[in-house]
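Number of protein chains: 4
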Amino acid sequence: MHRTRFYTLSASCPDRVGIVARVSGFIAGHGGWILETALHAEPARADGAAEGGEAVGRYFMRIEIRADSLPFHLAEFRERFRPLADELEMEWKITDSAVKKRVVLLVSKQEHCLYDLLARWQSKELDIEIPCVISNHDALRGFVEWHGIPFHHVPVGADNKAAAYAEVQRIFEEVRGDTMVLARYMQVLSPALCAAYPGRILNIHHSFLPSFVGAKPYHQAWAKGVKLIGATCHYVTAELDQGPIIEQDVIRIDHSDAVEDMVRYGKDIEKTVLARGLRYHLEDRVLVHGNKTIVFR
Amino acid sequence: MHRTRFYTLSASCPDRVGIVARVSGFIAGHGGWILETALHAEPARADGAAEGGEAVGRYFMRIEIRADSLPFHLAEFRERFRPLADELEMEWKITDSAVKKRVVLLVSKQEHCLYDLLARWQSKELDIEIPCVISNHDALRGFVEWHGIPFHHVPVGADNKAAAYAEVQRIFEEVRGDTMVLARYMQVLSPALCAAYPGRILNIHHSFLPSFVGAKPYHQAWAKGVKLIGATCHYVTAELDQGPIIEQDVIRIDHSDAVEDMVRYGKDIEKTVLARGLRYHLEDRVLVHGNKTIVFR
Amino acid sequence: MHRTRFYTLSASCPDRVGIVARVSGFIAGHGGWILETALHAEPARADGAAEGGEAVGRYFMRIEIRADSLPFHLAEFRERFRPLADELEMEWKITDSAVKKRVVLLVSKQEHCLYDLLARWQSKELDIEIPCVISNHDALRGFVEWHGIPFHHVPVGADNKAAAYAEVQRIFEEVRGDTMVLARYMQVLSPALCAAYPGRILNIHHSFLPSFVGAKPYHQAWAKGVKLIGATCHYVTAELDQGPIIEQDVIRIDHSDAVEDMVRYGKDIEKTVLARGLRYHLEDRVLVHGNKTIVFR
Amino acid sequence: MHRTRFYTLSASCPDRVGIVARVSGFIAGHGGWILETALHAEPARADGAAEGGEAVGRYFMRIEIRADSLPFHLAEFRERFRPLADELEMEWKITDSAVKKRVVLLVSKQEHCLYDLLARWQSKELDIEIPCVISNHDALRGFVEWHGIPFHHVPVGADNKAAAYAEVQRIFEEVRGDTMVLARYMQVLSPALCAAYPGRILNIHHSFLPSFVGAKPYHQAWAKGVKLIGATCHYVTAELDQGPIIEQDVIRIDHSDAVEDMVRYGKDIEKTVLARGLRYHLEDRVLVHGNKTIVFR
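Chains as they are written, first to last, in the numbering used here: chain P, 3 to 299; chain R, 3 to 299; chain D, 3 to 299; chain X, 3 to 299.
Looking at chain P on its own, in the form it has when it is part of the complex (with noise of 0.2 angstroms):
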């Protein structure tokens, strides 16, 4: 994180001789002044060397770009670089580090995860807006309120789904929403509202994904014996807890931890690794490729 103004501009295209020095290339010749670059090639294959000539791999990156270095704004940014970029077949956009993003967390009645992202987002660490909270459950009404955050409870139960998603739909519509959060919301989200912001949702799940899927993870993971226990964040899907992994950290337990013991470990491992995933995803980190993500530290 920089103190300077900076565009980032992240992008994908078929992999080929060249990119780079394209790419840079167009920066430079405007006086560009490159904070951070990272760069991947993936290869066709597996097995990590493209090695047939037919073999067509991708090729991603991220570069940060002062602001004050270039002569014109974002919008003649994209304008100049469009040419270029259909030229390469780039998938790609540039993000201003002076917009903040807005993100809007979802959550149930487990505190851990929301105080642990308005800390965040009060000492500014967490450089964002966060335009409302959205609780299926009353109980966190007060302490979101005290920070000066619009909390929204929308009930969900058995037979009003549709009905609740579309009224999250509505909110995170009407608040201008960049990115959703299920901060421990513990709901599954109608296929409606997954497919609607593809990339846009984060989850953080109580387990190692694959391991442990779907309710109760905890309890699952005492009943396997397991000798370390995990958390991970990853774009939802339609399809439960199976979305692109961002972020994944473990801890150790031994046979003297019960569930409960497992639950309280494991709330510092969500937190964490959610806020991690939920940083990377902000600063534009994280490329999705498939089923998999690209993530740029």
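Keep in mind that the hints were calculated from the coordinates and are not lab data.
It does not matter which identical chain is used: a pair holds within one copy or between any two.
Result set (BS3-like, lysine-lysine): computed pairs, CA atoms no more than 30 angstroms apart in a straight line: (1) K111 to K126; (2) K103 to K226; (3) K95 to K126; (4) K163 to K218.
Dock chains R, D and X against chain P, hints included.
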């Protein structure tokens, strides 16, 4: 942590044959149901073995007993147990899980440890009383008071240190505090205050001690080029950052992390390490042995 | 690990009042000097507390006693201890640190675990006998024989499995093996062989179980896009990769790591996890409880 | 590590606009196919941002280029690239994956690092030449020679240090060594030897530096009561244990671990950290910057 009420006996004494038999025999003789036992024999020598007959090691123990399995309460337990404890030359105490410890938090302007501890307190993960928070700044008053916890602003300047720490001590006594927690308090306590509460004041230091004692440890770590940074929870003694270590952890960094990135990563370690160390302390899992600790996780 | 000779009593029995008192009383009554004690009460319920009177948990213990502190040897210890053990309905054994365990290694063509274990054996970190190494390939014969250890080449093909594993068992019996270690043996043992030595055959699986059972776990991990990979040391049962887990660990990877990088990183985890799990097993620190283990580190 | 032959360009120069564009433009201009690129801008100030116009940071890069994509070999690459490198005031080198590095190992009596490195060499995980092993003891001769590697016994006593290190240097020159690895050599090299090969001698120190410099670090760690122990791979300089750190790692211990347990745990960290650090070095992933390193994992 058990839902049933229990007593925790923690003790140490010179090592000899039959300590466990005598103590567990005493408990069993009264029908005491042991929930958890941890034992440790610290040899007289550093090499891990008490080889010579003349070497006297020290024996440490922590035993949880179901309260309802004993036919008497703690006062009588203490009276009945004392002769055996005296015979074994034991330092010991026994506490009641139904009596909440009273923990006074000292903070400065940084909020991450405070948010973290109050989240744990709100969710009853930390089942304690927080009679008040003391700070040398007024910044976090609103947050603390929203939780219904009294907040005391005790400024500390270059020329009023003695008076300020006398006031801290007066408040701590007034609220009958058991434990004082420096949750990124960023001030060096007076020797008098340190001496008044040995083994009862916990600090979180933002380095992996003994590296990087004192001010600006992340700057020191950056200058040295270490590949991991850490945090240390320790008891406060008169000597700065030298008290017995309770808990430590580290996180990986690399050359791309500036000091401010280290500060950010470090916060996650600081709050987790402090919370773990505090929990161990509150559950009487920490026994001090010279300048070291036995921690019965 | 102590330099002085000691006996290790490991046992489990239904939980009740007074177990520790009875057992430690027996030991103290004969002047036994306890070097190390570890105890664990496994509650009858998954939620960590044996709350109801009818719930019967299970109690586990491991006690190291200095051999020269007892007035008799193991045979007499066993005879004298038996009545108490029977009364407590105990499953138990006691072993002598002076009697080296006999460990038979099964390997295939990969050398990393074999080199690692032989280095530990050479330095006496693993104070065991290795009566022989068995392999389905002849590749590592020279290395093994240089160490003065007999090497048996027992090829395993699609049509001779039963005969091959009968031969493995014959050799294991002939050399009076205590423990069999599959050090990246890469073959699935026959059900008969698994059944013959419950709790005596250790395997290292190159994934963080229960994720990625079976063949090519690193390819599975790569396809899933996990951010950490792991290894698991477990007892072998007839069901592939499903036996009680003894030890696990993980290492961080990222998008830039191809499958072959994972294989390389994984080797470091595999050998460390196998060595730790084997040490726990050899020191009688592992007690099996259903499909889980108690590991008294 | 790619199966195809590639060149690795590693370089650093004063930061300025257009470095990436110029270098990647040069490569693309000759049809060079970039397999992997890593870049880092080290700001002039410790606070992570080059804010003032007068501040001059330093730029680091490492680029892998497929050998068969370039129309010339390394000699011609060097000649053609030199004008650009000179203009950018670059320190640089380019190496060929087809030319194996020649690594001389220095050992003492402990075998764990030697076994570990030779296992990696046997399996071609470390694709290097080991022209010889040098030791101040004769203990490991047989093991080394069994692998077909010459072994030199160069005793080091209190009164022959200068002569001994002159002999080590003579052998290293004779076998045309690229890199010298102190694999638990346990001797302090002479200042002359350190000065002769800056950035070419790697050591593994058995502590988490800067804690516990010098002799018996595990004893120091035990006395201090730390909760984690570590190991550090660093370049050797004339000042003991103060050279640029390449890689570090730690492992958790507790009060029950005696010094000899720490030694045992520590070995696993030592060999892994040394192997990782050596791999980074051999793949030209380590760029020294003052007393610190840039490590392009």
